[in-house]
Amino acid sequence: MIEIQEENDRRGGDDPVEHLHRAEHDLEQALERSREAACDVVKAEAEVEKAIEEIEHPRQFKVKVLYNGVDKTFEVRPEETVKHLLDQAISAFGAANPHTLSLYKDGAELVDGQTLKEAGVKPEDQLLLRPSKVKGG
Amino acid sequence: MSAPYHLARGLLDDTFRHFRECGCGRDECQALWLSPWSQPNIITKVVHPKHAAHFGGFALDDVWLNDFWLELGATKTGIRVQVHTHPSEAFHSRTDDEFPIIHTPGFLSLVIPNFGLGPVGFDEAYLTEIQPEGHWKEVTIASRLVLT
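So the protein sequences, as listed, match chains V and U.
Read in order, the letters of the first sequence correspond to residues 0 to 136 in numbering that gives the first Met the number 0.
Read in order, the letters of the second sequence correspond to residues 0 to 147 in numbering that gives the first Met the number 0.
For the record, the hints were derived by calculation from the structure and aren't laboratory data.
Just so it is clear, CB atoms sit at the ideal spot from N, CA and C, and this is done for glycine as well.
Check before you lean on any hint, since a few could be wrong.
[As the list claims (entries may be wrong)] Pulled a few chain U residues facing chain V out of the computed Cβ check, cut under 8 Å:
{"hint": "1", "residue": "Leu10"}
{"hint": "2", "residue": "Gln29"}
{"hint": "3", "residue": "Ile41"}
{"hint": "4", "residue": "Leu64"}
{"hint": "5", "residue": "Gly72"}
{"hint": "6", "residue": "Lys75"}
{"hint": "7", "residue": "Thr103"}
{"hint": "8", "residue": "Gly133"}
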């Protein structure tokens, strides 16, 4: 804006009509740049929104599973089932005959058929792989 | 076969004390023998789980189990042997087979007869181990446990 004003001051001695036409042309160009800038702002805001969405709901993230005092890290996707992660964890820990083993979060047993997203599993969560029942007789 | 676990006599005394004080000669009872992952073959702690029990069985408390699982992670400690009493003869029942606390091959389950009211030791006790295929198999106590 300052540049345009300086240019107009420099042209102060020209014909007023020509001066007006140049000023209108400059104004049109400035308005065009303003529209482009506004468009860039909208695009940037959309990118920021997308980045926040990916942080809050990433397509792939890590969780820890704790079994008998040992933590192992697993890369998971929100749409995979609890059962899929359970099977992976059972295999990784080498558990044999594991029909009573389940995954737990915050003391609650996760439902095998739910997706991790439905089960509320989030990045960096620590899940417990433990028996749902321990008994003897 | 892995190296045997070393168990201090005092920890075995503590185990029998839990059985006698909790089971009182009328209910089954369980204890767990733990060791750090940095030195798994040296049993360092006996834990007496919160549980419900009767003459012919016991079941661990679920909330206690969840908290205990977190504690194992925080202390980098693992359960090596589950020990429980039977009213008379020591053996592994079907319930014992199907509902252990740990499911990995090499995990041991020791059964003490007569509610643990007999002499402190392994007389008439029964020891079994999870095999790589997942089933339990009796093993000799001397091959897996060394009293120190």
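Tested hints:
1. For leucine 10 of chain U, the shortest C-beta to C-beta distance to chain V is roughly 18 Å, which exceeds 8 Å, and the interface hint is violated.
2. A least Cβ separation of about 6 Å between glutamine 29 of chain U and chain V falls short of the 8 Å threshold, and the interface hint therefore holds.
3. Because the closest C-beta pair between isoleucine 41 of chain U and chain V is about 15 Å apart, greater than 8 Å, the hint is violated.
4. Below 8 Å, beta-carbon pairs count as interface contacts, and leucine 64 of chain U has one with chain V at about 6 Å; its hint therefore holds.
5. At about 5 Å, the closest approach between the beta carbon of glycine 72 of chain U and any beta carbon in chain V falls short of 8 Å, and the interface hint on this residue holds.
6. A hinted interface residue such as lysine 75 of chain U counts as satisfied when its beta carbon comes closer than 8 Å to some beta carbon of chain V; here the least separation is about 6 Å, so the hint holds.
7. Given hint, threonine 103 of chain U at the interface with chain V, holds; its Cβ is 5 Å from that chain's nearest Cβ, closer than 8 Å.
8. A hinted interface residue such as glycine 133 of chain U counts as satisfied when its beta carbon comes closer than 8 Å to some beta carbon of chain V; here the least separation is about 3 Å, so the hint holds.
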